[in-house]
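Engineer: Each chain is listed here by its residues.
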Amino acid sequence: MQTHTPPIPPDAPVGLVLADKWLSKVEDAFALLAALCIFGLMLLGITQVLGRQLFDMPVPGYIDFVELSMVTFAFLAVAYCQRLGGHVRMDLFVRLVHGRTRWLLEFVTTVAPTLLVMVLIYYGWTHFMRAYEFGDSTIDMEIPTWPSKIVVPISFVVLFLRLTIQAIGYGRLLIHPDAAPVAVPMILTEKDIAEKEIEDSLGGDRS
Amino acid sequence: MSSFDIGLIGVAALVVLVFMGMRVFFAAAIVGTLGLVAIIGWESGLGMVGTIPHSKAVTYTLSVLPMFILIGFLAFHAGITESLFDAGRKWLGWLPGGLAVATVMAATGFAAVSGASTATAAVFARVAVPDMLKYGYSRQLAAGVVAAGGTLATLIPPSAILVIYAIIVEESVGALLIAGFLPGIVSALIYVALIVGMATVKPELGKPLRGFTWGQRMKSLPGTFPIFLVIIIIFTAMYEGWATPTEAGALGAAVVFVMAMIKGMRWGSLREALMETAKLSVMIFSIIWGVLVFVRFLGFAGLPDAFAKWVVALPYEPIYIVIGILLFYAVLGMFMDAIGMLLLTLPVVYPAVIGLGYDPIWFGIIVVKMAEICLITPPIGLNCFVVNGVRPDIPLNTVFKGVAPFFVADVATIAVLLAFPEIVTWLPTLMMGK
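One line per chain: the protein sequences are A and B, in this order.
According to the working numbering, the stretch in the first sequence is residues 1 to 207, in order.
According to the working numbering, the stretch in the second sequence is residues 1001 to 1434, in order.
Rather than coming from a laboratory, the hints here were simulated on the basis of the structure.
Be a bit skeptical, because a hint or two may be false.
[Said to hold, decoys possible] Restricting the straight-line Cα-Cα distance to at most 27 Å, the calculated cross-link-like pairs of lysine-lysine (DSSO-like) are:
#1 Lys-1134/B with Lys-1401/B
#2 Lys-1207/B with Lys-196/A
#3 Lys-191/A with Lys-1309/B
#4 Lys-25/A with Lys-196/A
#5 Lys-196/A with Lys-1263/B
Since this is a predicted model, take the numbers as computed values, not measurements.
Just need the whole structure built from these sequences, with the hints factored in.
Structural biologist: Structural data, given as structure tokens:
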């Protein structure tokens, strides 16, 4: 969906543009890690089935491994998805309003989640600390659970930074409603979404 | 203020936030968090919320989702659509409106490796529409059949949305996946009957395509084998229990991956398919834990029980209440993504429907079919926009006119499923004793 990111206008605040750029690199790296873990889950699944059915040798602790690794694709890409506007929402009313009203709606619906994510970081961290201090581990293979639990607050820190950048982006538009949007996801029309879907389905034709 | 009142305020607040355009998982989690704090206090409320994302997301059953999504994104690289359409036109082209029939059956086959309606519509708009126009098919019919054919993808396994339904209502994932199969086929056959009927009455809509030899027909089959392989893997895994849904999904993904490699997929395309899978997966996981925070709050407020009791006590026949609920979904589905819509509403609606005595699996299939219909109806009708996007020469209103008969067919399908719930429940009962 990066193709829908508008070109950076010349009067854009340099700090915001740079922050957006640097955070995007971290998000891309996290998302790629999540993507590779999904591919890894596929390989692990095949190994497990073939090992069990053909050689009577299942992967030891398979379910433990899968469950603990699920945090990667459940959380790591959360900020990446937020940047690209990929999380589900109903934009019916946001589309109907324009100018300052629209930016106010976007600002409010970005700032409130920022506060929520702060809470989630703190309590996600204590959830991790408990597991770390008590040496909590899985029942089957006794794999420590803390490396899995720490992924949640880490992912949420990135999400917090992304939301902060977006809140500043919307705040800027609230003050200057006519400025070109920077560091905020664009509202896509049906036409845009359709184009995106068509792009996805192009598959092998593209390479 | 009683917990119940707090629950009602919570629901109202959620509606307001969603309408304001807040991301659904944030809206659900924020309202759920505040509600829990209001009912059980700061320390226990926030402590509970803090553990939900990790503990709810890290559940083995959910690991099937990225596998199914991956199959879908890889399928576009495996060149299966062309093979399917080619086989369809050679085997079914002789029917009135034969190429349109072939499109429906090819889309049905493709649904076995894809759970994404809009992307399926896009790919068939490219593969099937040019051929139909070449043979003088009406543009309305060509565009309509492609837009409607895409919606078949979600009922026929692998379908991410049915997995999500199963997890939210705590039903067997396998049972839901198998249950979608027959209704998917019934939908397709009703489409076929409609096309044949229309083309018989008005032959100018699309003429039959004859003259293929049996040799040509046989030769068209091998390209479609990966589809059958994936179907066999998923079905026998559910039936014989030799693999969990996740493992079956991994095998299915591997089959499609190998196909895509043979077709010359490069690292760039693979990376893109994986990144899209990661993005869609995190979107689904986020909304799952967000809604579960909200559900925990609703539970404390006692709202789902109260709503279920109220609905059951209504002085109407259960069937009218269910139809009312379905109409509510039809309206909501016009403005919201199906996954978000189901997750948000099911915690409250589901206990009520079960209280009325309906089968949970049956209801899941009906609701998903309902959400699909919204992809071809105005004002959003995303599939129609997709077809128009691929073929800008076919105006949007021609596409909408083209899908109108298929919309009627879909309503007929829903009526058939309401009248004969066995179409949904027969296969899962037979295969899994559910």
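Engineer: Mind listing which of the numbered hints don't hold for this structure, in increasing order?
Structural biologist: 2 and 3
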